[in-house]
Amino acid sequence: MSSIPRDQWYVAAYGREIGGELFTRTVCGEPILFWRTRSGEVAAVSDRCVHRRFPLSQEPGRLVDDQVVCGYHGFTYGADGVCVSVPGQTRVPRTARLKKYPVVEQDTFVWVWIGDPEGADASRIPRAPWLASPSYSTVSGMEPLQARFGLLVDNLLDLSHETYLHGGYIGTPEVADTPITTEVDEEAGIVRVSRHIDDAECPPFYANSTGLTGRITRWQDIEYSPPCLYTLHSRIAPAGVLPDAGGGDPHAFHVEVVYAITPETERTTHDFWAVARDFALDDQDVTDYLAHQNRVVVLQDVVALNTLEKVIADEPAQYQELSINIDTGGLAARRMLARMSAGTSGQGAPAAAGRPR
Amino acid sequence: MSSIPRDQWYVAAYGREIGGELFTRTVCGEPILFWRTRSGEVAAVSDRCVHRRFPLSQEPGRLVDDQVVCGYHGFTYGADGVCVSVPGQTRVPRTARLKKYPVVEQDTFVWVWIGDPEGADASRIPRAPWLASPSYSTVSGMEPLQARFGLLVDNLLDLSHETYLHGGYIGTPEVADTPITTEVDEEAGIVRVSRHIDDAECPPFYANSTGLTGRITRWQDIEYSPPCLYTLHSRIAPAGVLPDAGGGDPHAFHVEVVYAITPETERTTHDFWAVARDFALDDQDVTDYLAHQNRVVVLQDVVALNTLEKVIADEPAQYQELSINIDTGGLAARRMLARMSAGTSGQGAPAAAGRPR
Amino acid sequence: MSSIPRDQWYVAAYGREIGGELFTRTVCGEPILFWRTRSGEVAAVSDRCVHRRFPLSQEPGRLVDDQVVCGYHGFTYGADGVCVSVPGQTRVPRTARLKKYPVVEQDTFVWVWIGDPEGADASRIPRAPWLASPSYSTVSGMEPLQARFGLLVDNLLDLSHETYLHGGYIGTPEVADTPITTEVDEEAGIVRVSRHIDDAECPPFYANSTGLTGRITRWQDIEYSPPCLYTLHSRIAPAGVLPDAGGGDPHAFHVEVVYAITPETERTTHDFWAVARDFALDDQDVTDYLAHQNRVVVLQDVVALNTLEKVIADEPAQYQELSINIDTGGLAARRMLARMSAGTSGQGAPAAAGRPR
Numbered sequence: 001m002s003s004i005p006r007d008q009w010y011v012a013a014y015g016r017e018i019g020g021e022l023f024t025r026t027v028c029g030e031p032i033l034f035w036r037t038r039s040g041e042v043a044a045v046s047d048r049c050v051h052r053r054f055p056l057s058q059e060p061g062r063l064v065d066d067q068v069v070c071g072y073h074g075f076t077y078g079a080d081g082v083c084v085s086v087p088g089q090t091r092v093p094r095t096a097r098l099k100k101y102p103v104v105e106q107d108t109f110v111w112v113w114i115g116d117p118e119g120a121d122a123s124r125i126p127r128a129p130w131l132a133s134p135s136y137s138t139v140s141g142m143e144p145l146q147a148r149f150g151l152l153v154d155n156l157l158d159l160s161h162e163t164y165l166h167g168g169y170i171g172t173p174e175v176a177d178t179p180i181t182t183e184v185d186e187e188a189g190i191v192r193v194s195r196h197i198d199d200a201e202c203p204p205f206y207a208n209s210t211g212l213t214g215r216i217t218r219w220q221d222i223e224y225s226p227p228c229l230y231t232l233h234s235r236i237a238p239a240g241v242l243p244d245a246g247g248g249d250p251h252a253f254h255v256e257v258v259y260a261i262t263p264e265t266e267r268t269t270h271d272f273w274a275v276a277r278d279f280a281l282d283d284q285d286v287t288d289y290l291a292h293q294n295r296v297v298v299l300q301d302v303v304a305l306n307t308l309e310k311v312i313a314d315e316p317a318q319y320q321e322l323s324i325n326i327d328t329g330g331l332a333a334r335r336m337l338a339r340m341s342a343g344t345s346g347q348g349a350p351a352a353a354g355r356p357r
Numbered sequence: 001m002s003s004i005p006r007d008q009w010y011v012a013a014y015g016r017e018i019g020g021e022l023f024t025r026t027v028c029g030e031p032i033l034f035w036r037t038r039s040g041e042v043a044a045v046s047d048r049c050v051h052r053r054f055p056l057s058q059e060p061g062r063l064v065d066d067q068v069v070c071g072y073h074g075f076t077y078g079a080d081g082v083c084v085s086v087p088g089q090t091r092v093p094r095t096a097r098l099k100k101y102p103v104v105e106q107d108t109f110v111w112v113w114i115g116d117p118e119g120a121d122a123s124r125i126p127r128a129p130w131l132a133s134p135s136y137s138t139v140s141g142m143e144p145l146q147a148r149f150g151l152l153v154d155n156l157l158d159l160s161h162e163t164y165l166h167g168g169y170i171g172t173p174e175v176a177d178t179p180i181t182t183e184v185d186e187e188a189g190i191v192r193v194s195r196h197i198d199d200a201e202c203p204p205f206y207a208n209s210t211g212l213t214g215r216i217t218r219w220q221d222i223e224y225s226p227p228c229l230y231t232l233h234s235r236i237a238p239a240g241v242l243p244d245a246g247g248g249d250p251h252a253f254h255v256e257v258v259y260a261i262t263p264e265t266e267r268t269t270h271d272f273w274a275v276a277r278d279f280a281l282d283d284q285d286v287t288d289y290l291a292h293q294n295r296v297v298v299l300q301d302v303v304a305l306n307t308l309e310k311v312i313a314d315e316p317a318q319y320q321e322l323s324i325n326i327d328t329g330g331l332a333a334r335r336m337l338a339r340m341s342a343g344t345s346g347q348g349a350p351a352a353a354g355r356p357r
Numbered sequence: 001m002s003s004i005p006r007d008q009w010y011v012a013a014y015g016r017e018i019g020g021e022l023f024t025r026t027v028c029g030e031p032i033l034f035w036r037t038r039s040g041e042v043a044a045v046s047d048r049c050v051h052r053r054f055p056l057s058q059e060p061g062r063l064v065d066d067q068v069v070c071g072y073h074g075f076t077y078g079a080d081g082v083c084v085s086v087p088g089q090t091r092v093p094r095t096a097r098l099k100k101y102p103v104v105e106q107d108t109f110v111w112v113w114i115g116d117p118e119g120a121d122a123s124r125i126p127r128a129p130w131l132a133s134p135s136y137s138t139v140s141g142m143e144p145l146q147a148r149f150g151l152l153v154d155n156l157l158d159l160s161h162e163t164y165l166h167g168g169y170i171g172t173p174e175v176a177d178t179p180i181t182t183e184v185d186e187e188a189g190i191v192r193v194s195r196h197i198d199d200a201e202c203p204p205f206y207a208n209s210t211g212l213t214g215r216i217t218r219w220q221d222i223e224y225s226p227p228c229l230y231t232l233h234s235r236i237a238p239a240g241v242l243p244d245a246g247g248g249d250p251h252a253f254h255v256e257v258v259y260a261i262t263p264e265t266e267r268t269t270h271d272f273w274a275v276a277r278d279f280a281l282d283d284q285d286v287t288d289y290l291a292h293q294n295r296v297v298v299l300q301d302v303v304a305l306n307t308l309e310k311v312i313a314d315e316p317a318q319y320q321e322l323s324i325n326i327d328t329g330g331l332a333a334r335r336m337l338a339r340m341s342a343g344t345s346g347q348g349a350p351a352a353a354g355r356p357r
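Protein chains in written order, with the UniProt record's numbering: chain Y, 1 to 357; chain X, 1 to 357; chain F, 1 to 357.
Be aware that one or more of the hints could be misleading.
Given that identical chains are not distinguished, each listed pair holds provided it fits within a single copy or across any two copies.
Claimed, not checked - Simulated crosslink set (EDC-like; lysine to aspartate or glutamate; CA at most 20 Å straight-line): (1) LYS99 - GLU41; (2) LYS100 - ASP121; (3) LYS310 - GLU186; (4) LYS99 - GLU315; (5) LYS310 - ASP66; (6) LYS99 - ASP278; (7) LYS99 - GLU321; (8) LYS100 - ASP65.
Hints were generated in silico from the structure; no laboratory data involved.
With the sequences and hints as input, model every part of the structure.
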């Protein structure tokens with residue numbers, strides 16, 4: 001039984017990764033071949049020749065005039081997946097076509113629909129508008145994770161781990177000490193977890209990028225749209241500085257931390273991360289600093305989650321975790337994901353998903 | 001359920017590989033110990049001590065006077081597999097004997113019989129007389145394949161892949177473009193696939209070895225004797241030159257490409273290859289060129305087939321291939337192999353083996 | 001079905017390995033966290049945080065004032081395993097406690113009890129008093145084994161392998177040639193195997209450490225207390241020299257070779273070894289020589305047993321070994337281990353454990 005929801009949109013790549021060369025990435029266990037056609041569209045088809053399953057992305061396979069030629073026996077396909085030529089005969093079998101994936105390029109991401117193409121409604125794709133906005137400056141990357149995607153969901157929904165796993169980078173004691181509020185919007189399919197810290201130490205990540213030197217007010221407002229998109233709205237201001245009555249917030253620094261959590265297989269994950277800021281937009285030093293520091297932080301998570309995946313592989317069946325209040329958001333996310341992967345609608349959560357004690 | 005036919009002869013080694021030292025190779029999942037006795041015979045017995053299963057080929061195990069002494073506790077066996085000495089007691093248990101394999105050395109190969117020794121009829125071993133003939137000059141080798149043997153059978157029965165996977169080496173466009181004729185001799189247990197190309201570009205492999213510079217007539221006549229022996233009779237001549245009425249063929253170059261396809265395990269294979277030519281017999285440059293070039297070509301197959309083995313490991317159950325006319329020979333071979341591994345005689349093929357569309 | 005006996009004491013470490021830093025070792029499949037508290041006691045608790053199973057030994061986890069702080073979310077535990085602090089709330093769940101292991105430090109070893117703590121009777125731990133005795137000089141170490149513990153038990157109970165696997169180190173022809181006597185004390189839970197060699201070549205291991213140059217009398221008296229502790233009482237004297245009538249033995253050299261055989265997992269083992277001698281107590285050259293030589297010998301076993309583990313993984317089910325007289329002690333040990341792991345008391349051995357032929 002897979003724990004990966006199907007009939008869902010997933011981020012497969014950044015748009016910048018797809019050019020005029022063959023590009024392959026496995027999403028939810030499905031190997032997908034991408035290229036950008038001469039008209040600028042992203043083609044996405046199965047990366048397995050229908051003949052003898054050879055990966056079309058593998059050399060000496062190649063693109064010729066927007067068509068991909070299999071490197072084993074030369075089966076040739078268009079961007080629509082339809083086979084146009086086979087060796088040794090002029091008739092091409094009617095069934096010779098690659099699975100074609102619905103694709104939407106949006107907010108710098110290439111989204112693909114995994115599941116029944118009938119359900120591929122582009123308007124359901126959650127947004128991360130900051131990543132492509134001129135009002136923000138963004139750094140981003142992707143790290144491969146040798147761990148199931150649910151472990152990354154757990155990780156990101158409970159930021160108390162910043163204090164410990166990321167101490168000296170983005171964590172300070174106040175993060176773990178401050179209680180959270182959790183809100184689950186079943187209808188919209190969003191989990192929200194908020195932590196508003198009135199008076200905190202400023203961690204190096206924010207001190208070095210904003211220039212703030214004293215105590216800060218630090219707000220963390222998470223919005224997770226299962227299965228794939230996670231945003232942390234991070235607000236940093238001098239201690240005591242709040243948004244003004246009209247909603248303006250000129251004395252605060254805003255960072256939108258975006259993750260796209262894409263299962264590669266049941267046990268591996270593509271961990272896309274982006275950090276968009278509304279300050280120091282053209283300061284290359286800040287850009288370089290945040291790009292490097294955030295990657296370091298992501299890699300700290302990667303090490304921890306890869307360890308957990310190995311721990312799970314070796315542990316006895318029926319192993320029981322213990323959950324507390326900080327896990328409320330993560331447990332809600334697990335319930336929504338379990339419903340999604342079971343293909344049921346939202347009436348009631350499986351007991352097995354756990355509850356805080 | 002194994003897909004490896006038993007009660008069959010397989011090539012275990014070249015004769016030159018077996019000398020006065022212990023030599024081990026696994027054939028069809030059975031680890032076999034070889035050595036050449038002082039009388040020049042090849043001994044072949046199980047490479048597992050009957051006592052505590054220690055591999056007899058492993059140091060400090062050694063040969064002493066045509067007997068093998070186990071490196072763990074010193075159990076000692078003759079070339080007939082019978083144990084002649086055990087530690088701590090003079091009586092040797094009657095059941096202490098290694099499985100002994102029927103062996104035939106022929107055409108430079110060491111053939112072993114896998115299965116019930118009762119059925120080991122040496123006259124059934126298919127022949128490759130060119131390899132030991134003074135009228136031919138031969139280069140040969142063996143490459144280990146991390147893929148099931150059936151993938152190599154598929155590969156060799158459909159040479160249209162030369163155009164793509166081996167383009168610039170042995171493939172030209174005409175190979176994939178020219179239809180094949182297939183003939184299955186159920187009684188003799190042979191699959192024949194022929195492709196006669198009237199007018200083709202001469203690929204580097206043949207141009208550099210024959211000296212031909214213009215267009216050529218190129219014949220490929222495959223004979224596969226499942227499970228192990230495959231021969232490609234390759235005839236290269238200046239375009240339009242055919243054998244004379246009496247069957248003589250003095251203006252053509254003949255190459256016998258021989259493969260022995262030996263399962264090591266269910267998922268790995270010994271890929272023995274040899275190229276015998278009837279021209280430039282003493283030209284060391286041609287010998288060196290063909291040895292190097294053919295190994296390059298074999299390694300291109302190894303990379304492709306190792307990939308396919310991984311693809312199969314990750315794909316969903318019930319995955320369906322699509323077959324076309326070029327696959328007729330390969331599908332016939334699969335049916336014969338399926339009957340052989342099921343131990344049935346030749347009346348009717350399983351539907352699951354596929355058919356061309 | 002595990003073959004590892006539970007409700008047993010096992011050696012987890014040498015006392016010298018456990019200090020004021022976190023130390024982790026897996027015993028019988030259970031990952032255990034050790035440290036030495038400021039009062040000098042060895043703490044042993046489960047190396048998995050109760051919250052999200054993060055290994056407490058993994059960075060940035062750390063010890064603070066004899067308490068261990070989880071590196072993921074900061075759950076904090078005392079040496080008794082009780083959780084004293086969790087993030088984001090002041091109430092600590094009652095069930096938040098790590099499994100605590102009974103520990104006894106004795107004879108330089110740290111013993112842990114695996115199983116139901118109710119049964120942890122320290123008086124049942126077998127003794128190896130030479131290791132901590134001022135009358136002996138000891139060298140010791142531990143080698144990780146990629147093989148099941150039963151293979152090491154087989155190895156150590158049948159020393160005829162010294163002649164072959166350790167020839168030129170500790171083996172000479174007389175070891176394999178001399179019959180053994182075996183005695184099984186079911187009540188005490190001890191297997192004894194003795195081999196008294198009247199007149200033998202002196203192997204380098206003993207020649208170089210004792211200075212003896214001629215023929216020797218060599219006694220090997222094994223005591224194995226399943227599952228973990230093995231002692232070889234080794235007596236070396238000039239040929240013909242026996243203990244005197246009063247039991248004194250001033251002209252012999254005595255070596256106590258001790259192994260602690262601790263399953264790490266079903267297929268891997270901690271191979272603790274020690275060599276204690278009653279001569280040349282302060283001779284550093286002898287100490288260095290024995291430490292190096294014995295490690296070489298242990299590594300010869302490691303190579304052989306790692307090979308056997310791979311052989312077992314690849315062999316057909318129902319593979320049958322052949323046993324002879326030298327295996328009497330090993331077979332008795334297997335029967336006792338099988339009863340222990342089945343949790344039954346000692347009335348009759350399973351037929352499957354084999355018998356000598």
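**Request:** Taking the numbered hints from earlier one at a time, note which ones the structure violates and give those numbers from smallest to largest.
**Result:** 3, 5 and 6
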